[in-house]
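Just so you know, the sequences run in chain order L and D.
The first sequence: position 523 = 523 (my numbering), numbered continuously.
The second sequence: position 156 = 156 (my numbering), numbered continuously.
It is possible that some hints are incorrect.
Taking lysine-lysine and the DSS-like style, the derived pairs with C-alpha atoms no more than 30 Å apart in a straight line are [unchecked claim]:
#	chain 1	residue 1	chain 2	residue 2
1	D	Lys-168	L	Lys-548
2	D	Lys-62	L	Lys-459
3	D	Lys-64	L	Lys-428
Hints listed in this document are in silico derivations from the structure and should not be mistaken for laboratory results.
Here the structure is a predicted model, which means the values were calculated and not measured.
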Amino acid sequence: MAPPPADAFPFLAPPPRRAVLKGLLAAACVIAASAGTPSFAAETEAAPQPVRGGVLRFLVEHEPSTLVTIAHTAGPTQRVSPKVTEGLLTYDLDFNPKPALATEWSVSPDGLTYIFKLREGVKWHDGRDFTADDVAYSIQLLKEGHPRGRATFASVTAVETPDPHTAIIRLSKPAPYLLTALDANESPIVAKHIYEGTDPLTNKNGAAPIGTGPFIFKEWVRGSHIILERNPDYWDKGKPYLDRIVVRFIADQSARSAAFEAGELDLAGGPPVPYADLARVSALPGLGAETRGYEYAGRMTQLYFNFERPILQDKRVRLAIAHAIDQQKLLDVVYYGYGAVAPSVISPKLKAFYDPALEPYGFDLKAANRLLDEAGYPRKTDGTRFALKLYANPFNTQAAGDFVKQALAKVGIAVDFQFFDFSTYIQKAYTGRDFDLTLESLQNLFDPTLGVQRTLWSKNFRVGLPFSNASHYANPEVDRLLEAAAVEPDPAKRRQLWLDFQKVVYADVAALGLIAVDGVTIFNRKVKNHTIGVTGVDASFADVWIEK
Amino acid sequence: MTMRRLPRILKAVRRTALQAVPTVIGILILNFFLLRLTPGDAADALAGEAGAATVETLAALKSKFGLDLPVAEQLGGYLWNLAHFSLGVSPRYNQPVAELIGARLPNTLSLMGLALVFALLIGITLGALMATFAGRPTDRVLSVLALLFYSIPSFWIGLMLIVLFSVKLGWLPTGGAETIGANLTGWDAVLDRARYQILPALSLALFYVAIYARLTRDDMIEVRTQDHVRTARAKGLSPFAVTRDHVLRNALIPVTTMAGIHLAGLMGGAVVVETVFSWPGLGRLAYEAVMGRDFHVLLGILLLSSLLVVAVNAAIDILQAWLDPRIEVR
Numbered sequence: 001m002a003p004p005p006a007d008a009f010p011f012l013a014p015p016p017r018r019a020v021l022k023g024l025l026a027a028a029c030v031i032a033a034s035a036g037t038p039s040f041a042a043e044t045e046a047a048p049q050p051v052r053g054g055v056l057r058f059l060v061e062h063e064p065s066t067l068v069t070i071a072h073t074a075g076p077t078q079r080v081s082p083k084v085t086e087g088l089l090t091y092d093l094d095f096n097p098k099p100a101l102a103t104e105w106s107v108s109p110d111g112l113t114y115i116f117k118l119r120e121g122v123k124w125h126d127g128r129d130f131t132a133d134d135v136a137y138s139i140q141l142l143k144e145g146h147p148r149g150r151a152t153f154a155s156v157t158a159v160e161t162p163d164p165h166t167a168i169i170r171l172s173k174p175a176p177y178l179l180t181a182l183d184a185n186e187s188p189i190v191a192k193h194i195y196e197g198t199d200p201l202t203n204k205n206g207a208a209p210i211g212t213g214p215f216i217f218k219e220w221v222r223g224s225h226i227i228l229e230r231n232p233d234y235w236d237k238g239k240p241y242l243d244r245i246v247v248r249f250i251a252d253q254s255a256r257s258a259a260f261e262a263g264e265l266d267l268a269g270g271p272p273v274p275y276a277d278l279a280r281v282s283a284l285p286g287l288g289a290e291t292r293g294y295e296y297a298g299r300m301t302q303l304y305f306n307f308e309r310p311i312l313q314d315k316r317v318r319l320a321i322a323h324a325i326d327q328q329k330l331l332d333v334v335y336y337g338y339g340a341v342a343p344s345v346i347s348p349k350l351k352a353f354y355d356p357a358l359e360p361y362g363f364d365l366k367a368a369n370r371l372l373d374e375a376g377y378p379r380k381t382d383g384t385r386f387a388l389k390l391y392a393n394p395f396n397t398q399a400a401g402d403f404v405k406q407a408l409a410k411v412g413i414a415v416d417f418q419f420f421d422f423s424t425y426i427q428k429a430y431t432g433r434d435f436d437l438t439l440e441s442l443q444n445l446f447d448p449t450l451g452v453q454r455t456l457w458s459k460n461f462r463v464g465l466p467f468s469n470a471s472h473y474a475n476p477e478v479d480r481l482l483e484a485a486a487v488e489p490d491p492a493k494r495r496q497l498w499l500d501f502q503k504v505v506y507a508d509v510a511a512l513g514l515i516a517v518d519g520v521t522i523f524n525r526k527v528k529n530h531t532i533g534v535t536g537v538d539a540s541f542a543d544v545w546i547e548k
Numbered sequence: 001m002t003m004r005r006l007p008r009i010l011k012a013v014r015r016t017a018l019q020a021v022p023t024v025i026g027i028l029i030l031n032f033f034l035l036r037l038t039p040g041d042a043a044d045a046l047a048g049e050a051g052a053a054t055v056e057t058l059a060a061l062k063s064k065f066g067l068d069l070p071v072a073e074q075l076g077g078y079l080w081n082l083a084h085f086s087l088g089v090s091p092r093y094n095q096p097v098a099e100l101i102g103a104r105l106p107n108t109l110s111l112m113g114l115a116l117v118f119a120l121l122i123g124i125t126l127g128a129l130m131a132t133f134a135g136r137p138t139d140r141v142l143s144v145l146a147l148l149f150y151s152i153p154s155f156w157i158g159l160m161l162i163v164l165f166s167v168k169l170g171w172l173p174t175g176g177a178e179t180i181g182a183n184l185t186g187w188d189a190v191l192d193r194a195r196y197q198i199l200p201a202l203s204l205a206l207f208y209v210a211i212y213a214r215l216t217r218d219d220m221i222e223v224r225t226q227d228h229v230r231t232a233r234a235k236g237l238s239p240f241a242v243t244r245d246h247v248l249r250n251a252l253i254p255v256t257t258m259a260g261i262h263l264a265g266l267m268g269g270a271v272v273v274e275t276v277f278s279w280p281g282l283g284r285l286a287y288e289a290v291m292g293r294d295f296h297v298l299l300g301i302l303l304l305s306s307l308l309v310v311a312v313n314a315a316i317d318i319l320q321a322w323l324d325p326r327i328e329v330r
């Protein structure tokens with residue numbers, strides 16, 4: 001098979017892959033014969049007046065184990081927590097910070113001091129006043145106990161509270177990612193009077209949260225549902241528009257499709273249904289699909305090499321593997337086109353850091369075979385050259401692993417693909433590390449210092465730690481760039497460091513970025529404003545309203 | 001009559017109690033080590049789900065849950081708790097295990113109960129029909145149907161029931177246990193819950209319908225040839241009365257035995273059915289506990305299941321001692 005022409009890769013020619021998806025969705029709309037334009041345009045163009053009232057039936061795929069993200073970052077918790085517990089800032093669809101509990105903020109030129117003016121007249125759901133002490137205490141909790149907060153707030157030396165409505169964060173060294181890390185789902189602000197003197201992991205607030213948010217927690221029937229009621233005293237007068245949110249959990253993917261078809265659900269992120277079912281479900285009368293609102297997570301599917309294996313230490317072998325995988329086909333076959341081909345390890349959706357100049361290595365079997373021959377691995381009589389063991393994070397689905405296995409078989413690499421449940425995978429990949437290749441599903445997050453650095457920084461080679469540098473990649477130049485980017489306060493200089501990083505990683509074939517996978521939200525077309533920022537359905541829902 | 005039976009029943013109870021305690025302890029210890037064989041623990045699972053972790057978080061989680069202790073110490077701690085009637089605390093849900101199980105148990109029991117009722121009612125009816133029309137088209141058609149029920153996996157039956165009754169016809173809800181937020185009371189609440197229970201109970205029951213139908217059919221055909229049936233017929237009883245009082249009744253003993261054994265199987269089947277129907281029961285809790293490596297919860301459920309099986313077996317022994325005086329408790 002000849003290598004595809006360059007224009008087969010949609011990201012090379014703007015407008016990017018969104019156009020493909022838009023076409024798909026438009027077609028879906030026509031099939032459904034439902035009036036109106038594709039979802040992307042509907043809300044921005046018409047902008048009808050929001051109306052009060054209604055119950056939102058919101059699906060969270062799996063039941064969360066706690067309802068506050070102060071010490072957890074699990075996906076289901078992130079869906080629920082921001083409705084009740086707010087953050088200092090929130091972000092629009094272009095990552096621009098917007099006021100939430102903080103109304104104004106400024107960063108000193110050296111990047112060491114952040115000043116936040118806090119909103120006045122905000123009350124906790126138990127009636128107490130929200131003050132700067134709550135902010136200072138929450139940041140301390142995040143720094144001490146939050147899985148990512150430990151890294152994000154590592155350089156925080158003090159949070160000063162000169163008056164009840166000012167919080168000043170002082171850092172020992174710049175943390176340029178800090179201002180994008182303050183969303184409710186990442187860095188929630190909790191009540192000091194509730195958490196003081198307790199362990200945030202076991203505090204009862206996790207099961208019946210008290211926050212400042214637009215919705216008040218009412219009940220959580222384990223295994224069944226959560227009910228959140230409208231907060232009549234919310235600081236943003238007139239909001240929220242909804243009377244109530246009923247959160248349901250449906251563990252079975254097919255049952256979720258059925259619940260949507262039966263009209264029992266209004267909104268769900270994820271995608272909540274299998275990719276194979278998406279086109280059908282989103283084409284149902286009254287339903288729509290939205291792929292924005294997942295930029296904060298920056299989902300990716302990557303292939304990592306085990307650099308302790310002599311075969312894979314040869315760059316020609318790694319490059320051959322890159323040439324053997326048809327990324328566009330992987331995207332089309334396994335992800336049904338929901339996503340974008342990624343040339344390197346930073347998601348094309350992180351526009352501030354992504355290097356658009358890089359092109360994928362390209363699907364080229366001839367080059368792959370030649371490279372493997374040159375590396376000294378000729379085909380044996382049975383047609384294979386050598387065998388490799390492949391793991392796959394189950395979030396990637398078994399199909400992704402099967403695809404890679406078949407692709408590599410064509411160039412004579414016999415792949416032993418082993419697929420486990422999530423907990424087993426984590427243990428096998430990060431403690432056992434008995435893999436040659438692993439197909440990971442690691443989010444880039446809102447900033448590559450938090451999302452990308454962890455797997456390629458030599459100092460993060462820590463056996464037993466999930467999502468660390470399990471490939472044991474060590475490159476002094478990469479280390480230097482990562483460490484410089486982590487503390488560079490100037491955005492332009494920092495972007496350049498990340499572009500340089502991508503070029504080095506690309507040239508070294510340190511890891512393959514394969515696919516930036518789309519999240520997909522399924523929504524009832526009567527539900528408006530469900531996606532107004534980079535956190536999508538993980539937002540507070542203060543602006544969500546239902547058309548009568 | 002009753003006086004003569006009482007000592008036998010007491011004997012059965014005593015024997016069961018004597019055997020149950022070591023059995024349950026054995027099951028517990030076996031389960032404990034079996035679970036240790038699975039890769040990963042609750043801390044790994046939590047850290048993994050978080051999508052990020054630091055060495056410090058992981059270490060903090062492990063020490064908090066006692067996962068960094070030697071295995072023998074963990075087992076000792078667990079048994080010590082158990083001796084004080086505590087099932088421990090779930091690291092994942094941050095709740096006492098007894099509370100978690102207590103909240104889910106009634107849902108699973110009612111689902112299992114209804115499924116068993118469905119299975120027995122439908123199964124025995126079909127079986128009686130098949131036996132009455134043995135060899136004729138009715139028998140053949142029902143046999144094929146029973147074979148289908150036996151071989152189709154319950155999750156698929158569940159999904160098909162949802163597609164038909166919820167999506168196409170819109171008669172019943174797709175999942176859940178009650179209308180959320182409706183705050184119904186009294187009779188309305190019972191009816192509401194029943195609506196949610198029909199489909200999951202049916203999908204759980206159909207496999208057993210097949211078994212009971214076949215069992216009833218074969219036993220009835222066998223009993224029919226026995227002397228007391230011929231006598232009954234000779235007395236001039238109507239064919240229906242003969243079937244009901246002399247054939248079916250005697251054919252039911254193997255069915256009750258099997259139903260007792262199946263109660264444990266129903267609990268296993270509940271894992272699948274509860275997942276498909278989002279039923280807030282023990283099965284799903286067990287499934288989530290496996291995926292999250294929440295071994296305290298899992299051990300609690302396994303302990304409860306083994307107690308349930310022991311109790312049901314004892315009840316069946318007693319029931320049979322009462323049904324058929326010839327069955328002697330050893």
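Results for each hint:
1. D/Lys-168 <-> L/Lys-548: 25 Å, holds
2. D/Lys-62 <-> L/Lys-459: This hinted pair holds, its Cα atoms lying about 23 Å apart.
3. D/Lys-64 <-> L/Lys-428: 23 Å, holds
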